[in-house]
Every structure is written in structure tokens, then in C-alpha cells.
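Enquirer: Line by line, the protein sequences give chains A and B.
The letter at position 279 of the first sequence is residue 278 when you use numbering that gives the first Met the number 0, and the numbering goes up by one with no holes.
The letter at position 141 of the second sequence is residue 140 when you use numbering that gives the first Met the number 0, and the numbering goes up by one with no holes.
One or more hints might be untrue.
Since the list gives no way to pick one copy over another, a pair counts as held whenever it fits inside one copy or between any two copies.
[To be verified] Quick list of in silico lysine to aspartate or glutamate cross-link-like pairs, EDC-like style, CA-CA up to 20 Å: (1) K359 with E90; (2) K360 with E370; (3) K245 with D255; (4) K213 with D255.
Note that these hints are calculated values from the structure, not bench results.
Each chain, letter by letter, is given below.
Number of protein chains: 2
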Amino acid sequence: MEGEIEFIASGNVTSPRGFHAGATYAGIKRKASDVLDLGILFSEASCVATALFTTNRIKAAPVVLSQQCLQSGRALAVVVNSGCANAFTGEQGLADAAEMAELAAKNIGVSPEDVLVASTGVIGQQLPMELIKAGIKQVVLAVDGGRKLARAMMTTDTVPKQTAVAVRVGDSEFTIGGVAKGSGMIHPNLATLLCFLTTDAAVDIDFLKFALLKAADVSFNMVSIDGDTSPNDMMLIMANGLAGNKPISQGSRQADAFQQALDQLCIYLAKCVARDGEGATKLIEVTVSGAPSAAEARLAARAVVSSPLVKAAIHGGDPNWGRIMAAVGGSGVEVVESKIDLHIGNICLVKAGCPLFFDKKELVRVLRSSEVPINLRLNLGTATATAWGCDLSEKYVTINSRYIT
Amino acid sequence: MEGEIEFIASGNVTSPRGFHAGATYAGIKRKASDVLDLGILFSEASCVATALFTTNRIKAAPVVLSQQCLQSGRALAVVVNSGCANAFTGEQGLADAAEMAELAAKNIGVSPEDVLVASTGVIGQQLPMELIKAGIKQVVLAVDGGRKLARAMMTTDTVPKQTAVAVRVGDSEFTIGGVAKGSGMIHPNLATLLCFLTTDAAVDIDFLKFALLKAADVSFNMVSIDGDTSPNDMMLIMANGLAGNKPISQGSRQADAFQQALDQLCIYLAKCVARDGEGATKLIEVTVSGAPSAAEARLAARAVVSSPLVKAAIHGGDPNWGRIMAAVGGSGVEVVESKIDLHIGNICLVKAGCPLFFDKKELVRVLRSSEVPINLRLNLGTATATAWGCDLSEKYVTINSRYIT
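Make a model of the complete structure from these sequences and hints.
Expert: Take a look at the structure:
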């Protein structure tokens with residue numbers, strides 16, 4: 000391990016130096032106590048910035064705008080709302096996203112080209128621009144505003160998802176912060192509606208792009224809640240360089256430490272998203288090892304964690320492990336039945352393809368705990384991957400059968 | 000249209016001449032009133048036969064055995080049980096499947112090589128062979144036994160799925176019968192656990208293979224209940240030639256009529272499977288037109304009908320049509336937002352990418368009816384496809400969270 004990496008207690012997106020954030024209730028979401036729905040994240044120094052965007056062919060207006068904006072490789076701020084996705088909203092949607100950037104730029108005192116936009120919520124409805132206009136004026140930025148921003152991004156999330164890590168490597172010390180929101184329409188790639196990452200490290204743009212992709216691949220791209228991909232997905236990283244380090248570029252000790260820290264932070268956030276999936280009562284962690292290739296390990300792990308039948312069985316504490324085999328077999332990955340080992344928690348259910356006798360009560364106990372680790376060894380190669388998801392509950396259906404009514 | 004095709008009232012798998020069936024309660028499934036769990040389908044004349052099998056890499060023992068058996072292109076009978084899938088059961092499972100074929104062959108008085116085997120139920124448990132042995136002895140075959148067989152194949156199905164069509168073309172008259180079972184772990188390909196088709200037509204084996212593939216492609220391969228593919232899928236067709244027609248081969252008027260009849264029969268059964276999906280309260284029919292290619296039309300239609308978020312919204316009568324756009328965009332199919340038209344029932348929701356004002360009450364009424372037709376025009380080409388599925392209800396979760404406990 001290169002350097003020292005430490006999670007910061009109460010860490011968030013404004014933990015790195017020079018980042019400010021604020022949020023308000025603009026009235027876009029239905030009012031409940033403590034609800035926020037509009038926020039701004041801002042760096043006092045210009046950032047090297049890059050993002051990954053949804054692979055959905057229907058791209059929300061803020062995605063189109065932010066993609067254009069990031070062609071410069073720089074950004075200063077992002078304005079975000081929940082309650083309305085500004086997706087499938089045509090020319091009006093694009094104009095509204097641009098106006099949102101302008102309004103936020105005016106509030107902060109920067110140029111609109113430096114402001115990215117992100118939205119999340121109902122698809123196919125125009126943004127309520129009067130509310131957005133009035134709301135943006137109310138946003139007050141603060142160096143400790145990260146936690147408010149996290150709340151403003153929530154839709155069906157029950158808890159905000161945020162953390163930060165401090166990294167010390169050689170003479171350099173820097174911090175990476177992050178915030179993400181779930182919690183439905185979540186599937187690789189990217190299995191996050193929105194994730195904003197901040198760092199005060201100085202980072203070379205090429206390495207930053209590489210590091211973000213790599214971190215996404217071990218974290219958000221390994222999470223599935225429901226198999227649906229949102230048109231609004233955006234995973235952004237902004238590096239303002241205020242740590243004063245020499246810009247980190249590929250192949251250095253600093254780069255290794257940065258990557259490790261970013262991976263850990265993103266995995267932490269991805270697990271938060273999985274655990275808080277719509278209606279979820281537990282986290283499922285599926286590790287596939289002994290796969291012929293990394294791609295197959297990833298595919299198999301994601302297939303198991305995405306299977307509605309596996310998810311429903313785990314929800315009910317039903318020891319129906321055959322569904323795990325059906326899911327991995329159905330994934331298209333090479334498997335040989337007589338080589339497969341399966342563990343759930345510490346209980347070995349299948350060894351070399353043979354179902355073993357096991358303590359059903361003990362298995363039910365593991366299935367009923369808040370984290371269910373599933374280990375599947377294919378014993379065909381050396382590749383390993385881990386994916387995260389959640390159980391499928393009646394509540395998932397209830398939430399999604401009356402989302403806008 | 001070549002010839003006349005007519006659905007037969009109370010038609011089933013023994014409607015074609017020379018097919019006999021019978022079933023019993025062997026004790027494999029939990030006892031409820033009227034439960035059957037073991038059956039035999041038999042033709043008094045040797046059949047040209049072919050089948051499509053699961054694409055799951057984990058293949059149930061009866062699938063392995065039946066695949067071998069069908070290499071001859073002929074069969075006389077199939078023995079089927081519900082309650083136990085005999086999947087992921089290793090060498091013992093293969094031996095048990097072979098013994099099942101032998102026992103059935105003995106009961107009927109034919110050679111075991113002419114008997115196919117099919118199983119459905121829980122994965123990862125060995126067949127209770129004592130019950131199977133005793134049960135097979137009890138099965139009495141009858142020329143009107145098709146309806147009993149249909150009941151013996153049911154797992155979580157709430158109704159048996161069967162029909163038959165009478166075809167008249169030129170001088171020939173023949174009948175095709177069919178039975179299918181759902182109703183969970185259903186996803187293309189093939190989106191049916193088990194489907195047996197029978198016909199008294201004489202059919203050339205090459206054309207029979209072609210016709211089965213084609214019928215599967217417009218029917219069971221266009222159904223999704225939950226995105227999971229079973230290790231036991233088998234779609235079998237047996238043609239005994241007792242109609243006395245000249246064997247049907249490709250390119251003839253008879254072939255066209257046979258294909259049309261088979262397609263209609265399979266679509267009927269596929270819709271029965273979709274409508275009776277686990278926990279379903281309604282049938283969803285998604286037609287995608289104006290796609291650049293048939294493959295893309297099929298992919299898009301299946302993506303919409305498979306989306307848990309679309310399914311949950313329809314379950315609740317929630318007019319959240321944006322999810323349909325997210326699902327089609329997420330499918331990877333080429334789409335241009337500004338060209339898409341969307342109708343649900345007769346209500347136009349989107350025209351050339353523009354959301355229209357619509358009568359919300361009227362839409363909720365359509366969403367709450369027992370069949371919800373969704374029409375999506377991509378306006379990029381001329382290809383069309385239709386897929387079927389069902390809504391996602393709390394009951395789906397309830398059923399699947401306590402399947403074996």
C-alpha cells in the first residue's frame with residue numbers, strides 16, 4: 000500500500016480545502032420536514048475536472064450541457080436539483096439547464112461556462128424555473144456546506160451518502176471527498192444517479208480521467224439495484240490543487256496512493272447506495288473468484304446481485320441457493336457445474352458442484368442479517384470481482400408503483 | 000393468409016389425433032386440493048420431434064438427457080414433474096432423469112430412448128425417486144388427458160395454459176395443440192419454463208426445426224417476467240403424422256399455414272404465461288415500431304417490458320411514462336429523442352419527442368385495466384416487434400421471498 004489513507008469522521012464533499020457548498024428548499028420536491036432540493040458545490044480555485052456520464056441513449060439536458068462544459072477539462076462549480084430530472088424535455092429542457100448554470104454562476108460570481116448542471120427526479124417533466132430562480136438566490140455557500148448539499152441531492156434515498164479520506168504520501172498530504180445519491184433506477188454503467196468527488200490534490204487531467212474510470216469500475220459499475228439505467232447518471236471529479244502538491248501523474252507513488260484512496264472512497268459510497276436501494280433492508284455482497292477472465296468475474300457477480308429471484312429469496316431469508324446457480328448460469332459466463340463452490344457467510348453450501356448438508360437455521364440467520372456475503376468460486380481461472388446490491392422487498396414495489404401519484 | 004386457422008374450444012395438447020396424456024399426484028409438491036405433479040404425454044405413432052432448450056450454462060439433468068434423446072429427431076413420449084427441477088444435482092440427477100425415462104417407458108410399453116424428460120421446481124434438490132417410481136405407475140393415459148397434464152406441470156402458475164388450433168389448407172386438415180407453464184424465472188431466451196407442442200400433421204424434420212425457432216422468436220422469446228432464465232427451459236414439438244397429409248416441407252402453402260398456426264398458438268400461450276406471471280395483475284403488451292432493424296425493435300420492446308420501474312408504475316396505475324423512455328434509451332438501441340412517439344392505449348403522450356398534455360384520469364384508467372398496450376414509435380426505420388410481460392406487484396416479492404420455506 001502506497002501512503003496512508005484514513006477515512007475522516009463526518010467527512011464530506013467540502014472536506015478538501017477550498018470547496019464550498021450550500022443548499023436550500025426551492026419547492027421542487029414535495030415538502031417534508033428538513034427537505035432540501037437545490038444545491039451548489041463550488042471551488043474557490045479553478046479545478047481540473049472530468050466526469051463519466053450515463054450510457055442511456057436518452058440523455059437528460061443537464062448531462063448534455065455538462066458534457067459540453069467539461070470539454071475544457073476545467074470547472075468551478077456544479078448546481079444540482081432533485082425532484083425533477085429535466086430528462087426527455089427537448090429544447091426547453093436544454094434552455095432550462097443553461098439558465099440554471101447562468102443563475103448559479105451569477106450567485107457565485109463566476110462565468111456560466113465554468114458551471115456544470117445535474118438534475119435528478121421525475122423524467123419527462125419540465126423544470127419549474129420560477130422555483131429554481133428563486134431558490135438559487137437563496138443558496139448560501141459555506142466551507143462546511145457539504146452535508147447540506149448531500150441532502151439536497153436525495154430523492155428516494157433515506158440517508159445522505161458522503162465521506163472523505165485523508166491521504167499522506169511522501170511529502171504530500173491531500174484530501175478526497177465525495178457525495179452520491181441512489182436509490183432507484185440504478186444499474187451499471189454507471190450504477191449511480193449522481194456522484195460528485197472533490198479533491199484538493201493537484202492532478203494531471205489525463206491521470207484524473209484514468210483514475211476516475213478505474214474507480215468507477217470497482218465501485219459504482221459493480222452496483223445494481225433494479226436493472227434500470229437512468230438518463231441522468233453523472234460521476235464527476237474536481238481537483239483544485241490547493242494541497243500544493245506537484246500535479247499527480249500516472250506511474251508515480253502519489254498516483255498509486257491517489258488511486259487507492261479514490262477506489263476506497265468510491266466503494267464506500269457504492270456500498271452506501273446499494274444498502275439504501277429502494278425498499279432495501281440489507282446489503283448483498285457477491286464475490287466471484289476463480290473466473291476465466293476479469294470480464295467474466297464481473298459479469299457473473301453482477302448477474303447474481305441483479306437477480307430479482309436471488310434478491311427476493313434473501314429478503315425473505317429463504318435458503319433457496321439454487322437461484323444463485325441459475326443466475327450465474329444465465330449470465331452467459333463460462334461455468335462448469337462440477338467445479339463450483341458456494342459459500343454464504345461462512346457456510347459452505349456447494350463444494351465442487353455437490354450440494355452439502357448445512358444447518359438451515361444458521362443459513363437463515365446469515366440471510367436475515369444486515370449484510371449477506373455470497374462467495375462463488377468458479378475454479379476455472381484466477382480472476383475475481385465483487386458486486387453489491389440489496390434485497391428486493393415489497394416496499395420497492397410500493398415505492399415505485401406510486402412514484403408520481 | 001394461407002388456409003383456415005381456428006382455435007378449438009377447450010383445445011389442449013391431446014387435441015391432435017393419436018396423443019394421449021395422464022397425470023397423478025406423486026407427492027413431490029406440497030398437497031393442496033386438486034394438485035397434480037407428475038404426468039406423461041404419449042403419441043401412439045412415432046413422432047418427428049425437435050426442441051429448443053435453455054441457454055443457461057447450468058443445464059438441468061432432464062435437459063441434458065432430452066437433448067441427447069432428440070439427436071435421433073424422433074420421440075414417442077415425455078414424462079414431466081413439477082416441484083423439483085432436478086437442476087444442479089450432478090451425476091445423481093442425470094441417473095435419476097434416466098430412471099424417470101425408463102419408468103415411464105415401462106408404464107407405456109415403449110423403449111426408454113423414445114422418452115424425453117422434463118422437470119420444474121426447486122433447483123439444487125435431488126428428485127424424490129421413491130415418489131416418482133410410485134407415481135409413474137399410477138399414471139393412466141387417455142386421449143383426453145391433456146388438461147390433466149397441464150395441471151401437473153404447474154408450479155406457481157395460478158391457471159393451466161393450453162390451447163389447440165385446427166388448420167385446413169388445400170386438401171389437408173391437421174391440428175396443433177400446446178401446453179405451457181410459467182410463471183417465474185421467465186426471460187428470453189426461452190421465456191418459458193416448459194412448453195410442449197403436439198401436432199398430427201406429418202412434418203419434415205428440417206422444416207419443423209425452422210418453424211419452431213420462428214414461432215419461439217415471436218412468442219416465448221418476447222416474454223419477460225423477471226429477467227431470470229431457468230436451467231430447465233424446454234420447448235418441444237412432436238409431429239406424429241396421423242393426419243395423413245403429405246409431409247410438410249419448407250416453401251409450400253402447407254408450410255405457410257402451419258407456421259401461421261404455430262405462431263398464433265405460441266403467441267396465445269406466451270401471453271397466457273405473461274398474464275399469469277408471479278404476482279401479476281395484468282398483461283403488458285409493448286409494441287416498438289419504426290426501428291432501424293428487427294433486432295433493435297425486439298431489444299427495445301423487451302427492454303421496456305422487462306423494466307422493473309415500468310412494471311411497478313403500471314402496477315400502481317402511476318402515469319410515470321418517463322420510465323418507458325429511460326428503459327428504451329437504456330437498452331442500447333438507436334433512438335433519437337425528437338422523433339419518438341408514445342401511446343399508451345389510445346392516449347398519445349409524446350409526439351416527435353414532445354410531451355403532450357393528456358387526460359391523467361383517462362391514462363390512469365388505461366393503466367388500471369387488465370391489459371395495458373404500450374406503443375412506441377422510434378420513426379427511424381420500418382422494423383416492428385411486440386413483447387409481453389406483466390406488472391410487478393408486492394405479491395411477486397412475497398411469493399419469491401418464501402418459495403421454499
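Enquirer: Hint by hint, say whether it matches the structure.
Expert: Hint check:
With identical chains, the CA atoms of K359 and E90 are never at most 20 Å apart, being 58 Å at best within one copy and 24 Å at best between copies. When the C-alpha separation of K360 and E370 is checked against a cutoff of 20 Å, the pair qualifies only within one copy, where the shortest distance is 17 Å, while the shortest distance between copies is 42 Å. Proximity of K245 to D255 under the C-alpha cut-off of 20 Å is restricted to the intra-copy arrangement: shortest distance 14 Å within a copy versus 74 Å between copies. Only within a single protomer do K213 and D255 lie at most 20 Å apart by alpha-carbon distance; the minimum there is 12 Å, versus 54 Å between protomers.
Violation of the numbered hints given earlier is confined to hint 1; every other hint is satisfied by the structure.
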